[in-house]
Amino acid sequence: MSATMPISAQLINLFASVILLLAFAMLAQRRVLTLINLFALQGLALCLATLVAAVSTGQTHLYYSAGLTLVLKVLLLPWILHRLVRKLNVKSEVEALINIPATMLVGIVLVMVAFNVALPISELSQTITRGTLGIALAVVLLAFLMMITRQKAITQVVGFLSMENGLFLAATSATYGMPMVVELGIALDVLVGVIILGVFFFQIRDQFDSLDIRHMENLKDN
Amino acid sequence: MMPALLSIDVLLIAVCAWLAIGLAGLAAPRNLRFISKTLFPLGALVGALVGLSALLFLGGAAEVAVLAIGLPNLPFHLRLDNLTAVFALLVGFVSAGISVFAAGYFRKGEGTAPGLMCLQYHFFLASMLLVLMADDAYAFMVAWEGMALASFFLVTTDHKHAEIRRAGYLYLLIAHIGAISILLSFGVMTSGSGDYSFAGMRAQQLSPFWASAAYLLALVGFGAKAGLLPLHVWLPEAHPAAPSPVSAMMSGVMLKTAIYGLLRVSFDLVGDPLWWWGVVAMAVGLLTAVFGVLYSTVQSDMKRLLAYSSIENIGLLAVGLGLTLIFHAYRMEGLAALAMTAVLYHCLAHAGFKSLLFLCTGSVLHATKERSLGKLGGLIHRMPWVAWLALAGVIASAGLPPLSGFVSEWLLLQSFLFSPGLPHPWLNMVVPVAAAVVALVAALAGFAMVKFYGIVFLGQMREPALKEAHDAGPWERAGLVWLALITLLLGIFPATVISYIDAATRQLLGTGLADKVREHGWWMLAPISPERASYEPLIFLATIVVAVLFGRQLVHRLYHGRIRRTPAWDCGYVFQGPRAQDTAEGFSQPIRRIFEPMFRMERHFPTARDSQPYYSVKVEDHLWHWLYLPLARLMNAISVLMTRLQGGRIAIYLLYSFLTLIVLLLVARP
Amino acid sequence: MDFFVLMLVIPLVSGALLTVVGERDWAPNLNIIASLGTFLAAAGLTVEIVANGPRFAFGEQFFIDSLNVFFVALTAFVGLSTSIFSGPYMKNEREHGKLSAPRLRLYKSMFQLFMFTMLVALTTNNLGILWVAMEAATLTTVLLVSLYRTPASLEAAWKYFILCGVGIAQALFGTILLYFAAERVLGETGNALLWTHLVEVKGQLEPTIMVLSFIFLLVGYGTKVGLAPLHNWLPDAHAEGPTPVSAVLSGLLLNVALYAILRCKVLADGAIPGGFAGNLMMGFGLLTLVVAAFFLSRQKDIKRMFAYSSIEHMGLITFAFGMGGAVANFAGLLHMTMHSLTKSAIFFAVGHAAQKTGTQVMEDIRGLIRINPLIGWGLMLGTLAILGMPPFGVFASEFMILTHAMKHHPWATPILLLALGVAFAAIFGKVQPMVFGETHAKRLPHAPAITPVFVHLAIVLMLGLYIPPYLTRWFHEAARMLG
Amino acid sequence: MNLPWGPGGEFARREAAMSISGLLWQLLAIVLALALAPLLTGWVNQCRAWLQNRSAPPLLQPYYMLHKLFLKDVVLAHGASPLFRFAPFAVFGCMLLACAIIPTLSTDLPLAPTADTIALVGVLGLARIFISLAAMDVGTSFGTLGGRREMLIGFLAEPALLMVIFTTALISQSTSVATIVETLAHRDFIIYPSLAFAGIAFTFVSFAENARVPVDNPATHLELTMIHEAMILEYSGRHLALIEWAASLKLYAYSCLGLALFFPWGIAAGSSVLGLLMAIPVLLVKLVIGGFLLAGIETINAKVRIFRAPEFLGTAFLLAVLGLLVRLMLETRV
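So the sequences go chain by chain: Z, D, A and W.
With this note's numbering, the residue at position 209 of the first sequence is 209, and numbering never jumps.
Remember, this note's numbering sits 1000 above the position in the second sequence when you count from 1.
Remember, this note's numbering sits 2000 above the position in the third sequence when you count from 1.
Remember, this note's numbering sits 3000 above the position in the fourth sequence when you count from 1.
One should not assume that every hint holds.
Claimed, not checked - If you want the ones that stay clear, here's a sample from chain D, every Cβ over 10 angstroms from chain Z, calculated: (1) L1006; (2) E1063; (3) A1068; (4) I1069; (5) G1146; (6) S1193; (7) S1372; (8) R1506; (9) V1546; (10) F1575.
As the list claims (entries may be wrong) - Stretch-level coverage of chain W by chain D, calculated; a stretch enters the list once three of its residues show a Cβ under 8 angstroms from a Cβ in chain D: (11) 3066–3079; (12) 3099–3113; (13) 3125–3133; (14) 3140–3153; (15) 3164–3173; (16) 3246–3254.
Worth flagging that the hints you see were computed from the coordinates, not collected in a lab.
From the three backbone atoms N, C-alpha and C, an ideal C-beta is built for every residue, glycine too.
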């Protein structure tokens, strides 16, 4: 990164780093409610990054995108998740399959992988925020890792949504956002998905008396 | 003038007619009378027509047709040449007999509805004919698998028995594996040209390696259908399971389509053969023949006995084929023609006598409801027609003059005898030994046939219920007589028959026996010259018949013809019940003893303390335990390993996805 | 009215309508009528496209050419027969007490919505909307899979949701990268996700980005196709959902996901030299084929087994498209058609069979041919067809795939054949005793709708022996488009 | 035709084969066989008796036996089928044919092309099948036992016999008996080591096939040992007579075949009266010596257990194959 980088780019890079940091924090987090809050924070950082991009490029649809992120990822989804956690009486401890230090180590490796993979592409980017593509990929991979290592249904969903954040970051940083109609569609899908999942949680709890996904290992072939 | 109807058109019409007859059966699936007394005789008529038109065609120039069906870039190519015609002759005439028999065979209330069976049966016939006519890989495969499918359904007609279902499964599975192998062979023969018509394959020049690959794949593929070792296991299971006309059709006719396929590939499609192909075929054939005949002697089920005997005959055919290949590879076309004639002749002969024997078992089965040799006996008294006609089949099957089986065996041995002179010392050594084995097989076949005939038809009835047995009905008799007639005619007019089927040999090898044979008149078979070898079955038969009649007249004239009936003498023993006779197991005891390592036996001997002493012996196939079961276990083990992938844990599933992604990101580069 | 609009509107409106009116006596008929309407509209559209060539709709957002109109026709047709089949099937389920009226309402409306999302996915020109529609299809089917609300169905639906959700998220990343690559060429015109525009400039797309993009797209949509080792959701979802859903999942959804990959492959092929995309697909295809084949023999549940069979066939089709070239693409398309028709027919028969015997456990299903000969023969012939027995059409396409593979990738043929052989042994060994043999099962109140089974099989049979010239032309056109 | 050998010039086509004189000679050969066969049996029995220090039956005893049996009524078991009654005639016919095609006096026989050596083995096999089936027909314990044993011997002996014939056929490049004999008899004297092997094998086979001592004992009715006798237990009257006669014919046929193959000198090549008249005494002398040797071997051997018979015949088979190989190894490249 050269020293002549405009302030907006520096800001976006900053927010991207914050998102990555938050992804690590989520990976390390043991409590469900804090996890949701971290997710909301990540959304906020994403929103701010988008906003900076919008201001610096003057593209109007990025404003909409930022607003959408704010409404959906920062307010609506965390609220729904909070409600679910309260209604379902989820135990606040999150149990991981592998212990957290090990997870973090794997996470570091993943970040290295992501940066390496994204490097050749970043160099092609004409946008001011090209470095963030690697971060976006790292966030996606970290979220993936979180889904693998966590045993609660609800943490898997948070991981899934965090992955979505990474994707949006990628979209913003690499291309200044997707076409509006697509972004709307994606947002709608995410929303509907979370609502369906919410319904699911209740059914799962009714059937299994728990939201622990280890109870859902009956369908197998071996 | 009307444009003349080509023979290929006649055959095509026959295919359609068979299909139509089959579908007509579906129109009234439960009307047994209509189906058996109208449709099956019609099918027989079509069969006779097929045989006749093939006979008339023989010697003619190849006819081709391209149908509007098939794949977009590969429509059905059909071709009628002399090789096809010889086998079409076989299919037509033999199926005619079997269909006539079937008209009287099927009864009410047995397994599949008669209409459905009629469909399957005629579909089977049509697909066999189509196999012979197919001139591209797709048409061939469609017909080939259609044939397997139809026969599979026929085999499982009586599917409420678990072992019949198992037999059907094994059959279709091996047939399918064979089909895969055949397809691969075709693929190799196109050698990447993408032209899957047979004409395209002929045009290819394969390197020896790929030609060998194609040949070996074909050997495996067609061998699976024919019942060559070690892919024979389906045969002794499927034949007893099927209704007898179907067994007859499968054993007599269907197995020959595999021989046809081998001939087609080895001599027509693949190009110039290598000498060791013949050695491979011969070795496999010898093993198969010895195995088949030994196992046929120890069977206790009459249809299994015949099924193993079919394996033996297929083995002999493979030996003949191998010999032909060897001669052909060394450009000794005259001898190759002799061996190939033996093969073709044996195809015809075996088709006749083996279907005859299977149909006889069908009649016996109907009359007694019994397949086990241990519960039959003395049926010659109740079923004279069947018994005397079966005798013809037995003599032919034992390879004895003057019936059909002997002619082909004779030709085969002749070609063995003239094999020295091969430019390969090892072969010169090995071939006579092979001839010795063939001789042993032929002799053992006699043993098996005596056992079959003696225990089923002769002696005292082993069960009281056999007294109720009735002879075959008129339709069944007609079918049997027809096939016995084929066996007889093939036996006593070999020169005539050879002068017909020679066209196929000539087509494949460029030379034939017909000229030599025709030099000596129709009664004499002298494929090379009378000084070398000759055989006059008609005079042979006539001499024996004259001797018998003359001797009888003479004895009656000079002495008398008085007969007194008394109980049997038997060295004065009193206890002469049916159980004093040899059982099926007892009869084959010498074989089991001499060839003990060949069998996997489970025996139970009675001890002094048994309250109900009994003896039992169960003979099993080594290959099951050496090949098939380990293979099944291996497959199962792989499956068990594989299914660990699906352990039920979502985190692991996600991990798979994750790792796939990571690996691809790191590794995949254009 | 425009056939295209009609085709999209009918399922959407009828889906909403079915939600509103709830479960009534005539609701199944409405379902059928809506499906019929969709099918007729699709047929009309097909005729139009075949006659007039490709067209756009809604500006450039939708694009119908001979490739996707073929999928559209197939989807609408299988949708129609599934709706016919599900009428009596669902009635029986209700009388067995497995489903209540609200669930049936949910089923019908979701079914129509599912059709809608698939038709959108197939016809859209915008790769972003394609993604959105795929995700929406996942959501609707998640609800369908969990329809019984049993622990097993919930577990299956959950796995389906998470795995496919994650998978499709990766596809989104791939789409973003694609957009990124396209924008460098097309500029910020908003057309950078329109396939018709992309395909014109595919040669100029940056290969480095396209490699990454295609990897993400393949892994993403590949999860939905059921490529190993991403397939784990598939058998669960097929086995635990209602049978009509299994039929459309196997027969349609997998096709649509593969269609998405195909569209992306065309772009990747244009951008990346050396057949990278094709090789990747061939690798995945072979792996999938082999893995699925070995899974088959260990199955106990009939629907699960046929689900693995679907995976196996998807592997084969992916392999075919991976090989590329007119013949292989043609064969792939043909095989997709055959597989859809055959597999849905099998699921129809299996559904009736399982209903009649009251179980999906294969060892407990015996003697179908005695319970109902038509179902028995339907299952038997369907199984033989799917196993690639001539004269059924599956053999035709397998023949073309195999022969093409022999010509261009001889090393792969033994693997293909081994897998096909293993699959044959496994499936046929299990189906035969179910169809044949003795039984104690009882009759059911509602006569089964067996017509769809035999209509499908008859089409498959016909196509095995004779492919009409216009269909050939159409397929060739589509195959050529795939390059 | 591209054969590695050409048809030998010395084999003139036998145009005269079907001539009247040919037919007469053929008839003479048959009649001679019919007449001489029981005599040969009688002679062997006489020799055996001498060698065993018994007083011998008259030389013509077999004829008396036949006459007596023909006179007697046939006593038929209740369970006997028509096959049982047909079999003796069939067996007799087969043996007659066999005798007709084996050159005894002359190689110029009209029936010679009817059956070559392979067919000869076939005709013997046919007879065996008939007699075995007949043995099983009545359904007694000994009958089936005999039939089974006969088939056992048969399937071991038949290939050995074929191998012997193959060896000779390879030497003469022909399977026609007449041609073989002509070649062996009228060529310059060459030592064929292969023939020695073949000869021993042939001897073994003929002992087994004719129910002679190491394998079977023609003079026993001891149930555990008998083979041939077990099969014909139920026969009586003219049927038994025919079977006994056929057995004699078989012995005669084997003897003549052996003589023709291994000691072919003296058999006339054409149909000249002189040659034929010369051939008769030569044949008689050879048969007398052969019969004596047969009796001698029978005397100095003991009957073996039935399960040693396969070993015995296996040895024969092996020797025959060995002969064949020797033929190929040593004699083809001369």
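Worksheet entry | Broken hints, by number | Hint check: 16 fails alone, others pass.
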